[in-house]
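Q: In order, the protein sequence lines correspond to chains D and A.
When we follow the numbering used here, the leftmost residue of the first sequence carries the number 46, and every step to the right adds one.
When we follow the numbering used here, the leftmost residue of the second sequence carries the number 46, and every step to the right adds one.
Misleading hints may appear alongside valid ones.
Pairs involving identical chains hold if they fit within one copy or between any two copies, as the list cannot separate such chains.
Think about it this way: if two alpha-carbon atoms lie no more than 25 Å apart in a straight line, the pair counts; the simulated PhoX-like pairs of lysine-lysine are [to be verified]: (1) K131 x K372; (2) K154 x K104; (3) K224 x K150; (4) K108 x K224; (5) K309 x K375; (6) K154 x K224; (7) K240 x K224; (8) K104 x K224; (9) K375 x K104; (10) K372 x K288; (11) K241 x K212; (12) K372 x K108; (13) K212 x K288; (14) K376 x K154; (15) K375 x K131; (16) K209 x K256; (17) K86 x K224; (18) K288 x K309; (19) K256 x K376; (20) K203 x K134; (21) K372 x K209; (22) K131 x K85; (23) K212 x K376; (24) K130 x K154.
For the record, the hints were derived by calculation from the structure and aren't laboratory data.
Number of protein chains: 2
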Amino acid sequence: MGGDRAPHMAIEGMSLAAHADRSLRFQVFGDATHIEPLLKKFPELAPITEFTHTPDVIKSDDKPTIALRQGRNSSMRLAVDAVVKKQAKGVVSAGNTGAYMAMAKIFLKMIDGIERPAIIGSFPSASGACVMLDLGANVQCTAEHLVQFSIMGNVYAKEILGVKSPKIGLLNVGEEELKGHSVLQDAAMILRRAKKTVNYYGFIEGDDIAKGTVDVIVTDGFTGNVALKTIEGWVTFIMSMLKEVFNSSWLARLGYLLSMSAFKGIRNQMNPQKHNGAMLIGLGGVAIKSHGGADAYAFSNAIHVAARMVSHDLNQQIRDSLMQLEKDLKKNPAPVAS
Amino acid sequence: MGGDRAPHMAIEGMSLAAHADRSLRFQVFGDATHIEPLLKKFPELAPITEFTHTPDVIKSDDKPTIALRQGRNSSMRLAVDAVVKKQAKGVVSAGNTGAYMAMAKIFLKMIDGIERPAIIGSFPSASGACVMLDLGANVQCTAEHLVQFSIMGNVYAKEILGVKSPKIGLLNVGEEELKGHSVLQDAAMILRRAKKTVNYYGFIEGDDIAKGTVDVIVTDGFTGNVALKTIEGWVTFIMSMLKEVFNSSWLARLGYLLSMSAFKGIRNQMNPQKHNGAMLIGLGGVAIKSHGGADAYAFSNAIHVAARMVSHDLNQQIRDSLMQLEKDLKKNPAPVAS
Chain D
46 MGGDRAPHMA
56 IEGMSLAAHA
66 DRSLRFQVFG
76 DATHIEPLLK
86 KFPELAPITE
96 FTHTPDVIKS
106 DDKPTIALRQ
116 GRNSSMRLAV
126 DAVVKKQAKG
136 VVSAGNTGAY
146 MAMAKIFLKM
156 IDGIERPAII
166 GSFPSASGAC
176 VMLDLGANVQ
186 CTAEHLVQFS
196 IMGNVYAKEI
206 LGVKSPKIGL
216 LNVGEEELKG
226 HSVLQDAAMI
236 LRRAKKTVNY
246 YGFIEGDDIA
256 KGTVDVIVTD
266 GFTGNVALKT
276 IEGWVTFIMS
286 MLKEVFNSSW
296 LARLGYLLSM
306 SAFKGIRNQM
316 NPQKHNGAML
326 IGLGGVAIKS
336 HGGADAYAFS
346 NAIHVAARMV
356 SHDLNQQIRD
366 SLMQLEKDLK
376 KNPAPVAS
Chain A
46 MGGDRAPHMA
56 IEGMSLAAHA
66 DRSLRFQVFG
76 DATHIEPLLK
86 KFPELAPITE
96 FTHTPDVIKS
106 DDKPTIALRQ
116 GRNSSMRLAV
126 DAVVKKQAKG
136 VVSAGNTGAY
146 MAMAKIFLKM
156 IDGIERPAII
166 GSFPSASGAC
176 VMLDLGANVQ
186 CTAEHLVQFS
196 IMGNVYAKEI
206 LGVKSPKIGL
216 LNVGEEELKG
226 HSVLQDAAMI
236 LRRAKKTVNY
246 YGFIEGDDIA
256 KGTVDVIVTD
266 GFTGNVALKT
276 IEGWVTFIMS
286 MLKEVFNSSW
296 LARLGYLLSM
306 SAFKGIRNQM
316 NPQKHNGAML
326 IGLGGVAIKS
336 HGGADAYAFS
346 NAIHVAARMV
356 SHDLNQQIRD
366 SLMQLEKDLK
376 KNPAPVAS
């Protein structure tokens, strides 16, 4: 029920996703007056979909605390509950981010050994794609949080992006070992010892995000959120300037028509809808957050991310990595200051 | 003597700057064997230039501590000294950033009431241009530092960009009053009371940088540096993708030729060389840092920024604003928690 184009884009997104992945099965939670007519529009969903009518909806401006207290019969809460009760393997929502995260954290709990969930997402880059976390769940982080983010990002890049030995970089203001906060230096020290757990590259700077210097960019949720939104703002800005350029004269318009097919490629690569499906990683269950502005295609991508999380059993791999980290740290003790 | 294309681009940059601004007078510090032949190439500089031979040069990888100790006869140090001794009104260098900042801070000292200098720079945005600080001088900041940055950014936007009543925004991860670090909330509280000193807008997010929501973006040096370099990386990335698009077929190439003149406009607007001349604001004297990769045009822009700083007497205006702030804070006491 959440998101700018809901619930239509959610049901159409299910149809698109089911078309691409025949193994999918759905449980839908929402208002019958809206959902039932939509389900009739996509009859192919009938045999693979179970619908539950929910009278309440979490509104986009509801405070998380209010949503938790008053939203017990909301579509969002019941969808999360289905994962808690193991009736579903994962949940996807385009609704109120704060409320969704609060519910996911409280009811799905955390993986043992992960202290904080992080928002992870993927970006296009000069070398293909990279993942970045935390994109906004934790404004302040300790070195241990950053190490846990590195482990989760590593597993995600391996399993979801298919990178064999992902390079992990810590976002900083310089590459030298002594640059930045002490939290970053402490995290780097631990990651250097985690030789068999992760392929730690070192500190990276803001321009390395687009360069694709590493596969996994690790940062606190404040810096990550600023970087993410700065990129979104600039991509929109440049695209609107391009539009202006092509409308500036009839010659330019003709030029656009001639190069249009090539342009579609670039627009596709930049398309935020393609990279939809930021998720809270570190939870005891799979919970994917679709962009509120998602269309059906973007929503189907969020569904695919959820399905891949489940089929690759990311959480088990994160648990295994945490055990490997413990072994690594025992084997490679911290250097003693001389 | 510093910078990738030095000293040629510096001397040529002087010539370009002198052409545009007849009031400029130069003192040049550097190695005579390199500088003197260059000065002969630009004879128009002879009557307005005083040259001092300096035997030593600060190398780009010298540590600031080494540069301070061993660089007493370097071109950089003697150029800074000329401002200290009031023989020059400002200094411009494209050399080693760390060494330059250390020298500037130690020898030019700070404006009374400003605790930390900040790196300030201007960016293109959807509404024209905006300034952002701190771009990397201070990894950690207090609320008071952010308030001082706001005052300096305000004066800069007024005098250098010509904005009448610049809107000041604090970079955060959400617009709501309770979002982000306590440092940001404390700074916002002070800025709300500084009614006659600045036009405080509120919290902004990363995408507001390109949108031009405010004229002055205030943030700590860690976040500012990451945002700056993230933008630089993405602009380069998108430009290289565009190049690829236009080379992808003969139709696309023809399209480019037709729209080329319009494209030049966009490239010009994005041109980092145009926005050259980041500076340390808050110092007792004018010290401009040109990009190391600057060409002559970019270097001339850095010279113009220095000249404008001097002619508009930015430092006096910053002192006046600090006095206004004191009055404002007395008149509008902090709200008492109830």
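Q: Could you run down the list of hints and mark each one as holding or not?
A: We went through each hint and held it up to the structure:
no.	hint	in the structure
1	K131 x K372	neither (32 Å within a copy, 62 Å between copies)
2	K154 x K104	within (23 Å within a copy, 54 Å between copies)
3	K224 x K150	between (33 Å within a copy, 19 Å between copies)
4	K108 x K224	between (38 Å within a copy, 13 Å between copies)
5	K309 x K375	neither (52 Å within a copy, 58 Å between copies)
6	K154 x K224	between (35 Å within a copy, 24 Å between copies)
7	K240 x K224	within (22 Å within a copy, 37 Å between copies)
8	K104 x K224	between (43 Å within a copy, 20 Å between copies)
9	K375 x K104	neither (49 Å within a copy, 42 Å between copies)
10	K372 x K288	neither (55 Å within a copy, 48 Å between copies)
11	K241 x K212	within (13 Å within a copy, 50 Å between copies)
12	K372 x K108	neither (42 Å within a copy, 38 Å between copies)
13	K212 x K288	neither (36 Å within a copy, 28 Å between copies)
14	K376 x K154	neither (31 Å within a copy, 49 Å between copies)
15	K375 x K131	neither (36 Å within a copy, 60 Å between copies)
16	K209 x K256	within (19 Å within a copy, 38 Å between copies)
17	K86 x K224	neither (57 Å within a copy, 42 Å between copies)
18	K288 x K309	both (13 Å within a copy, 14 Å between copies)
19	K256 x K376	neither (34 Å within a copy, 50 Å between copies)
20	K203 x K134	within (21 Å within a copy, 57 Å between copies)
21	K372 x K209	within (21 Å within a copy, 61 Å between copies)
22	K131 x K85	neither (27 Å within a copy, 82 Å between copies)
23	K212 x K376	within (22 Å within a copy, 55 Å between copies)
24	K130 x K154	within (13 Å within a copy, 65 Å between copies)
The earlier numbered hints that this structure contradicts are 1, 5, 9, 10, 12, 13, 14, 15, 17, 19 and 22.
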